[in-house]
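Chemist: This is what each chain is made of:
Number of protein chains: 2
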Amino acid sequence: MGENDEREIIEHHDDEEMEKMRTPRNHSQSFLESVASSEKDGYSSTQSSHRLLAYSDALISIIATVMILPVAHTKFQDNEELKQSIQALLTTKVAVYLMTFLIVTVAWAAHIRLFQVIERIDDTLALLNLACMMLITFLPYTFSLMATFPNNTLGVLLFCACVMVIGLIQALIVLYGFSRPFLLNDQIQMSENQAYYKRRILEVIMRVPIMCLFASVFSAIFIQVSYIILAIVIFLPYIAQCLKWIRSKAIGGQVEDSPDSVPFYTYHPSEPLSKERVEAFSDGVYAIVATLLILDICEDNVPDPSVVKKEFDNNLVAALQEYGPEYLAYFGSFTTIGLLWFVHHSLFLHVTKATRLMGLFNTFSLAFVGGLPLAYQLTHEFPRGSRNELEAVQISCVIIFFAGLFQLAMWVTALFTERETLHPYVRYGGREHAFMLAKLSLYPCVALGTFVFTCVLSRFSTSIFHMMEIGVPFAFLVLRLLVRVALVLLRWLFCPARNDLDSVPVEEEDSQLPIHDIVT
Amino acid sequence: MGENDEREIIEHHDDEEMEKMRTPRNHSQSFLESVASSEKDGYSSTQSSHRLLAYSDALISIIATVMILPVAHTKFQDNEELKQSIQALLTTKVAVYLMTFLIVTVAWAAHIRLFQVIERIDDTLALLNLACMMLITFLPYTFSLMATFPNNTLGVLLFCACVMVIGLIQALIVLYGFSRPFLLNDQIQMSENQAYYKRRILEVIMRVPIMCLFASVFSAIFIQVSYIILAIVIFLPYIAQCLKWIRSKAIGGQVEDSPDSVPFYTYHPSEPLSKERVEAFSDGVYAIVATLLILDICEDNVPDPSVVKKEFDNNLVAALQEYGPEYLAYFGSFTTIGLLWFVHHSLFLHVTKATRLMGLFNTFSLAFVGGLPLAYQLTHEFPRGSRNELEAVQISCVIIFFAGLFQLAMWVTALFTERETLHPYVRYGGREHAFMLAKLSLYPCVALGTFVFTCVLSRFSTSIFHMMEIGVPFAFLVLRLLVRVALVLLRWLFCPARNDLDSVPVEEEDSQLPIHDIVT
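Sequences listed follow chains A and B, in order. In case it helps, the numbering used here puts the first sequence at residues 1 to 520. In case it helps, the numbering used here puts the second sequence at residues 521 to 1040.
Bear in mind the hints are in silico, worked out from the structure with no lab data behind them. Backbone N, C-alpha and C fix where the C-beta goes; we use that ideal spot for every residue, glycine too. A few of these clues could be false.
As the list claims (entries may be wrong) - Looking from chain B toward chain A, a few residues come up when the C-beta cut is under 10 Å (computed): (1) Ala578; (2) Ser581; (3) Tyr661; (4) Ile814; (5) Leu848; (6) Phe851; (7) Glu911; (8) Phe936; (9) Thr937.
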């Protein structure tokens, strides 16, 4: 994309050079003249949209994870059993976090789709996009109002108002884009029926604001109806796709789109999703989540000088020991999130095209990653050997397990359409296939193992968890070696006679499936 | 860079295809075979470093701005005069914020330099880099310990320990990189005296940890000395460059580097700084700063249902009105930061090469941007018409003024070496020169104007500030028009006789300077 940007401006440069050649007095081109020439050409300010999108991704990823903060800052009483406080948490704050994450991700997906149609921007579009971003960043707040006051219409009304204005701004962006076709995607720019595309895209975009208008009208009469409408708005595309897919499987008939249809705005599970933007969004989430705990530590964990003087006899080390568990939690969660990012990075290095379904699994994985700092903080908050501590450790394991599992699911999804979505190296039978599998399954396996161990040896749960924390980074360092050893063992077990690999006959394909199953 | 990544993996792809051609049984390539082939080639896992750097930039930008949170969360008593609390703030928290920002930016600059030498990564380097990041994210905390307990050695020791470990990891990365030359920058890879480069780079990298070792030794004896050593560590390159420059100006002799010298690690003001990374870092800072207030709002500004029932008679709107100023502060700061980002984006669109000096001005600009949310929150916190309110508005103006001014300084710096650093469009006399000048000077001018107005009409300070907030986004929308009108006026004033522009004679260069001065 940076490349693209480069080219864009180099074109300008060439224009300029050409112009200079034409005018003989190219040395003395003055300030006033420059203005005259800028008046001559109307669209000199067309820009690559790369950086605008990167900035939008950064904003949206921060906003998606922001609702974890109220969860993380919930204080637990030590005397209270964790189960009760967990229940209170689960019902409101965690639900708000997950729903916010989902809704913001939906808004992000809509933003991706919009800027797959409009590929170049100018100043007006950049400013419109910033206005759109401002409203998206306000969504989590309206959502937490809805969750705290479910029977008050204000939350629903605010949410609907935001969504409607966002929809209007997006429609404005589309209209502006189609009025200046050089801003559009090349495919649409070349196409003959731009008017059709324009109508179709506007239809899809305006669907959501109109539904929200209904929801806000109903909220005055019967508020439950408006919640149902809002749920439909968000999940309709997925439900419709599911139904379509089930019908096509049941009847067997192929439901083909019309040949004219746009490659965007289809909601098909294999609809392409910009790989760069999925990466940028994930990077944003991983970065903000990794630093969530240090934000708290920097703000709260510097003891007051007077307290240190009075209570700890000016011994700063003793005063800081009180915060020991929090530093441990920070380093633990940073390491885990860093390594999960590393796995994600390795996977996307070999992904050639991201699809909607992969995007969905990525969202789920990231939603669990967002919960990690909380889980780690819990792990170190309770007295040793209490039931709370065991539960906190187990919750951490469950979160790590699902975060890793959905990463694995992304790869498995990609494998179904491997010709389009994966590089040959990590395809089934590819050179890095086994290694990628090991990388992706390391965290789920370790989390599952730790969980089982803590169930059996519940007294040593924290020690087991710490061992896991320390062991995993080293496991990643020597993973390539481990994979080789494991595969030599497997080979020795399943085809002991054939040591010479180059003469492996074709029937090895039979022995290949069980191995694959075992390792998975 | 994404392009680069693409190419990297397409190379892999081609290898694979070639290999398949050579082996006749390319359909039945199995799982075990894939392992065998992965054993054959040692460095199949070389990766483009693009995403690793983007993730590092995101982490570092969050960490750089984190120390603004303790400043922003300082509570002011209404009865107290702002001046006193501001003084208390300035001495510790703001100083800590600015110093942290500077130190983290220095670490970031070292990271850029390192990965300009090592251009490709593999799994080991990625994991080493993550370890390095973890320590960098811990630096702000050690710094705030130092500030709170200036006479305790613990802060200094922790800081030195972090810096030493970071230095060792960086040295390890360099050694690892030079032991696998295919990971290095092409220029060094091709060069004959790699050993010289290696020694030189290691020397520069190890300089800082060794100084820190001295500092930590001295901290046991006489703590002031270790502070001085730390200050020298950070500012030495700048001071040395300044002295060199002054000497070369005074004596007139040209101090030439040896022809062998590396283009990196020179600390020369025109040393190139990766433009992509400057953009990514700035995006990160702008994004986290823009959302700082919504983080607080989401967490703190949802009223308790029981309170609403008791105190506000179940009237949610009335309960929320209490928070009104905070929403205003959020939208105000988001808009201002968004527009400053927009100006930054416009500028970097036309920058072809970023230099160290530009990077320094960028850092200063970003450091002021980080203070904006605080300033905005202050603006809306005090009762109308109080002296505190006037001062809060004026502080906001000063911050906006400097944030904008340093952006302008970046462009002016770039203009000095415009052939290398700028596209012809925004060079002196270029087509977009006037427009860029207007964009960059809009915020400083408006902030200065608002400041002067509030001094004169101090009773209406908040109203003036709100007018400014509302007016500026529209000013940006119609800026192109305004610039044209202004230039037509200027042209009419200074050369009324020459309406026909194509026949402007060469002596117009005389009239060009005053105009330029006036507009600046």
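Chemist: List, from low to high, the hint numbers that the structure doesn't satisfy.
Modeler: The structure conflicts with hints 5, 7, 8 and 9, although it agrees with all the remaining ones.
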